[in-house]
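A.B. asks: Please construct the entire structure, taking both the sequences and the accompanying hints into account.
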Amino acid sequence: MADALLKIENLTRYFDISKPFLNRMLERDEKQFLTAVADVSFEIKRGETFALVGESGSGKSTIAKLVVGLLAASEGNIEFDGHKMTGTSGTEMRDLRRRFQMIFQDPFASLNPRWRVGDIIAEPIHTFGLLKGADVTNRVGELLDTVGLSAKDAEKFPHEFSGGQRQRIAIARALSSKPEFIVCDEPTSALDVSVQAQILNLMKDLQDEMGLTYLFISHDLSVVRHMANRIGVLYLGRLVEVADGKTLFSAPQHPYTQMLLDAVPDLALSGRRRKPVDGEIPNPINPPSGCAFHPRCPLAMDRCKVDAPHQVATETGYAACFALEAEAKAS
Amino acid sequence: MNRFARMWDSDIAWSFRNSPVAIVAAVIALTIVLGAVFAPWIAPYDPFNSASLNLMDGFTPPGEPNQFTGNTYLMGTDNQGRDIFSTILYGARISLFVGFSAVVFALVLGIGLGLLAGWRGGWVDSLIMRIADVQLSFPSILIALLIFGVARGFIPPSMREEVAIWVLIVSIGLSDWVQYARVVRGAAMVEKSKEYVQAARVIGVHPARIVLRHILPNVMGPVLVIATIGLALAIIAEATLSFLGVGVPPTQPSLGTLIRIGQQYLFSGEWWILLFPSIALLLLALSVNLLGDWLRDALNPRLR
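From first to last, the protein sequence lines are chains G and E. Residue 17 in numbering that gives the first Met the number 0 sits at position 18 of the first sequence, with consecutive numbering throughout. Residue 159 in numbering that gives the first Met the number 0 sits at position 160 of the second sequence, with consecutive numbering throughout.
Any given hint could be a false lead.
[As the list claims (entries may be wrong)] Using 27 Å as the maximum straight-line C-alpha spacing, the simulated DSSO-like pairs for lysine-lysine come out as follows: (1) E:K191 - G:K155; (2) G:K6 - G:K44; (3) G:K18 - E:K193; (4) E:K193 - G:K155.
Simulated from the structure, these hints should not be mistaken for laboratory data. Remember, predicted model here, so these are calculated numbers, not experimental data.
C.D. replies: And the structure:
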């Protein structure tokens, strides 16, 4: 694991959702916190794609925002290529910032409607002072070419493009500072299925060409299967299973992973009986005691209601479940 | 040419061509504005030059020769023998200048504080918006009067004439910034959470630059619309203050000053001194207001 580009240790983020001070005094309420991300640790190796999957509200996007510094971590560490991101500032942070970028979910909101495409793509170049004058225009043209658009499109405004084209522009912007690492927060969930495939293939090609590392966030398992080398499954802000892409799909260990995979529709109409996903993700203000998944878990034991499970090593990663722990001991 | 053709084809231009009210309002407003701007060339007399005034010309009815001097004036003269038509042109100049400057002042202040409140949030936001709320609970003309009165107390009497017009602009501007600040704050809070702002934050763009280059252009639309309506209100506020006798000095009469002079003579039969400036003020405020209303509807896609 010497090659880890991004290392996340015990990352935790609370949100203060208390009422305003005066109301709290008058109604004698305690401060309330919502734990969006709880004690998450993982590593991403250079050149690989690490995917985070989970239902809505599982804390995927919060992790993305923590990694790029849009939110500050409440506890834990984020290390990028050996540099701690928390507490770093000034020129050192600026140098780090150039090396990672983010692609957002909604290509209709992620491009400033009043800016020309060329200016949007050039913004990171100007901010980091990478190029000047005519070189910027040339570089923008190159980037547009790279993502499958024309250099002439730099003169246009975002509203003249379709969703897929806009996402290409967003990718061009992310590439313009020549980053090594890109956080992709559900980059295709706002797009048509046919366009999704094009964007995903573009991202894969770019990865091969430039040796990019992705943190890929999605709720769509078929997309994740296509993209990811390693996958982490999030449930209520906790990583319940981490495994290699292929292994996770062929031999899911954690009951939650199994439940998610069972719910994936397949076009082959295999006729296999499937279990629908039971219940909903619980309220993170008041998470269940012990293992957060126990109210929905088919394997739940008494112990699950009391203690939080530890990580059990699996073939290519780990899973956090008492049922697996018992199995491991028995064998 | 290409640019002009594009403008002619745009939604706004189409909406303008299909709104008779907007066209009439624009023509009236433009006529008054041009008349005011070119007053020194259009006006037959210079009402501000007291040397050229002849008290014998006072109270000449419109269109009739004066009984002593035999001079004829289109809209008659006031008590000091000033030609009403010329005075309206010069007065509209002052009214428009004060109204326009006051709106610009209120815009700068309101947009600045609104952006600050919307971007920073927290206690900065609470502080600015509570001040705004308090100010909003008083009638704005009262606030303008208060500021005007306090400012005059600080200014030495010898300078009062010269700075009166600037004090007036600041008073009206300070009484009017709240509505811009509120709109800007609301819009800025919406824009702030959009992903294009987050994208700029990820690459570490300076917050001041994000606010000015990213957020400001996206909140200007609705602000400019209320600013148009605000211009009509500022003109009326100036007229009201001048009518109350606290506005521009009497040697440089604005429309409000003329109306105040006129109302003193209404019951003695000299109706023209009051009537013509009032009509001019009405047409100016109404046409600007109607233009503002039209612009609001034309720019609001939900009303189409």
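A.B. asks: Work down the list of hints and note, for each, if the structure agrees.
C.D. replies: Each hint, compared with the structure:
Annotation: proposed proximity of K191 of chain E to K155 of chain G holds, straight-line Cα distance about 24 Å (limit 27 Å). At roughly 9 Å between alpha-carbon atoms, K6 of chain G and K44 of chain G fall within 27 Å of each other, so this suggested pair holds. Our distance criterion of 27 Å between C-alpha atoms is met by K18 of chain G and K193 of chain E, whose separation comes to about 24 Å. About 21 Å separates the Cα atoms of K193 of chain E and K155 of chain G, which keeps this hinted pair within 27 Å; it holds.
The structure agrees with every numbered hint stated previously.
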